[in-house]
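Asker: One line per chain: the protein sequences are V and Z, in this order. Going letter by letter, the first sequence gives residues 1 to 224 in the working numbering. Going letter by letter, the second sequence gives residues 225 to 346 in the working numbering.
Treat the hints with caution; some may be incorrect.
Unchecked claim - List of simulated lysine to aspartate or glutamate pairs, EDC-like, C-alpha gap at most 20 Å: (1) Lys56/V with Glu210/V; (2) Lys251/Z with Glu13/V; (3) Lys251/Z with Glu346/Z; (4) Lys29/V with Glu100/V; (5) Lys16/V with Glu336/Z; (6) Lys8/V with Glu335/Z; (7) Lys198/V with Glu48/V; (8) Lys285/Z with Asp247/Z; (9) Lys251/Z with Glu7/V; (10) Lys9/V with Glu336/Z; (11) Lys250/Z with Glu7/V; (12) Lys24/V with Glu100/V; (13) Lys8/V with Glu343/Z; (14) Lys16/V with Glu248/Z; (15) Lys150/V with Asp274/Z; (16) Lys58/V with Asp211/V; (17) Lys9/V with Glu248/Z; (18) Lys260/Z with Asp288/Z; (19) Lys84/V with Glu48/V; (20) Lys9/V with Asp272/Z; (21) Lys250/Z with Glu13/V; (22) Lys250/Z with Asp288/Z; (23) Lys150/V with Asp272/Z; (24) Lys207/V with Glu52/V.
Calculated from the structure, these hints are not laboratory results. Source: prediction; values computed, not measured.
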Amino acid sequence: MSQITVEKKVLNENQKLAAELREKFREHKILVVNIISSPGSGKTTLLERTLERWDKSKRVVLLTGDLQTENDADRLAKAGFPVKQIITGGTCHLDAKMIEKHLADWPLDSFDVLIIENVGNLVCPSSYDLGEHLKIVILSVTEGEDKPLKYPSIFVKSELMILSKVDLLPYVPFSAELAKSNARTVHPGIEIIETSSKGDGLDQWIKWLEDKLAAVKSGELVSA
Amino acid sequence: MRFVPGVLMHELSIVSSVLDQLDELKKQHGGARFSKVGLRVGELSGVDVDCLRFGFECVVKDTDWETLALEIEQVSRRQRCPQCNAEFKAENWATACPLCGEAATITIAGEELQIAFVEVEE
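So here's chain V without its partners, still in its complex pose (with noise of 0.2 Å):
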């Protein structure tokens, strides 16, 4: 019996294609981020609420992914930003593939920011390189504090944690605090935003999307 040392990735063919993206992403110095959470931690209401309050001047377009209907899809067009649904059909991740099929009729020169609302899962999305420039993940204070420690894939590949439906705590035993820190021992430099649908922490979100918006442009912030 012999032996061929193969040492390849397996997700190789999603590798290559989002390195495509990536590059066409780089060449239009466009933001492209990839917003992964649990279902139900408010992903689709967190965007609403930031398309209803963001300079409409601002060039932004959505892909949503779920693995079935067009409602969020719906649901984020209100505010007048160009939006796709991806339904993956039961697929519980978005891939390089679907992105690039879903952007085929969206001029790159159109748009400065690109928002991917991947499928509600912690697990799954965090094995799939989308071309993005950062990941960030959502923890709602109607989950658990220990999700960072139970998920930590998706806490170490993240830039940014944002804790949502903060106007909750009064109600629930949710402790920011430990949240906080537990994201925290899994990823040391995650930054933390603590967000509600009654407006917390909404304009210090767009800062955050608009500083790394700028610093694309720039060139300072370059997809690895």
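Starting from the structure of chain V, add chain Z where the hints point.
Answerer: Just chain Z now, kept in the frame of chain V:
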């Protein structure tokens, strides 16, 4: 793309990606028969090893790959300290340097999701 109804977690698409690459490799080696594939799975890869084994069994069943054995090497997360160059295993996700206390250390292992090798039947 192979598809097994009812098994939808991403370990299934990972198994499919592995077998797609093995199909290709088999062609490159003149149709050689592979008896085993060795995968390397890091603890940060987001892949559950039990799901992966289960998905593998489901996907290879009743196919040409049915007799293919699966070996998985699990890789722990390891960090390097940029200050004192110490290398260490990140136990319980604690990534601060155990020697000098530096908080911002660099991940050097644990993100692997690789096909390491295949064994060829004589």
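Asker: If a hint holds in the structure, say so; if it does not, say that too.
Answerer: Going down the list of hints, with the structure as the test:
Taking the CA atoms of lysine 56/V and glutamate 210/V, the gap is near 13 Å; set against the 20 Å cutoff, the hint holds. About 18 Å separates the Cα atoms of lysine 251/Z and glutamate 13/V, which keeps this hinted pair within 20 Å; it holds. Proximity of lysine 251/Z to glutamate 346/Z is assessed by CA-CA distance (about 16 Å); at most 20 Å being required, the pair is judged to hold. About 17 Å separates the Cα atoms of lysine 29/V and glutamate 100/V, which keeps this hinted pair within 20 Å; it holds.
Note on lysine 16/V and glutamate 336/Z: the hinted pairing holds, with a Cα-Cα distance of about 16 Å set against a maximum of 20 Å. Only pairs whose Cα atoms come within 20 Å are accepted, and lysine 8/V paired with glutamate 335/Z is accepted, the gap being roughly 13 Å. The suggested pairing of lysine 198/V with glutamate 48/V holds, with an alpha-carbon distance near 12 Å, which does not exceed 20 Å. Among the hinted pairs, lysine 285/Z with aspartate 247/Z is consistent with the structure: their alpha-carbon atoms are about 16 Å apart, no more than 20 Å.
Between the alpha carbons of lysine 251/Z and glutamate 7/V the distance comes to roughly 17 Å, so the proposed pair stays at or under 20 Å and holds. For the hint pairing lysine 9/V with glutamate 336/Z, the CA-to-CA distance comes to about 8 Å; that is within 20 Å, so the pair holds. Only pairs whose Cα atoms come within 20 Å are accepted, and lysine 250/Z paired with glutamate 7/V is accepted, the gap being roughly 15 Å. Distance restraint check for lysine 24/V and glutamate 100/V: the Cα-Cα separation of roughly 11 Å lies within the 20 Å cut-off, and the hinted pair is therefore satisfied.
Taking the CA atoms of lysine 8/V and glutamate 343/Z, the gap is about 15 Å. The hint holds against a cut of 20 Å. Between lysine 16/V and glutamate 248/Z the alpha-carbon distance is near 16 Å, which keeps this suggested pair within the 20 Å criterion. Between lysine 150/V and aspartate 274/Z, the direct Cα distance comes to roughly 16 Å. Compliance with the 20 Å bound is thereby established for this hinted pair. Annotation: proposed proximity of lysine 58/V to aspartate 211/V holds, straight-line Cα distance about 13 Å (limit 20 Å).
The hinted pair formed by lysine 9/V and glutamate 248/Z meets the criterion: a straight-line CA distance of about 14 Å does not exceed 20 Å. Between lysine 260/Z and aspartate 288/Z, the direct Cα distance comes to roughly 13 Å. Compliance with the 20 Å bound is thereby established for this hinted pair. For a cut-off of 20 Å, the pair hint linking lysine 84/V to glutamate 48/V stands: about 14 Å separates their Cα positions. Taking the CA atoms of lysine 9/V and aspartate 272/Z, the gap is about 17 Å. The hint holds against a cut of 20 Å.
With a C-alpha separation of about 17 Å, the suggested pairing of lysine 250/Z with glutamate 13/V holds against the 20 Å cut-off. With a C-alpha separation of about 12 Å, the suggested pair lysine 250/Z and aspartate 288/Z falls inside the 20 Å cut-off, and the hint holds. For the given pair, lysine 150/V sits about 13 Å from aspartate 272/Z by alpha-carbon distance, which is consistent with the 20 Å threshold. A distance of roughly 15 Å separates the Cα atoms of lysine 207/V and glutamate 52/V; the hinted pair therefore holds under the 20 Å criterion.
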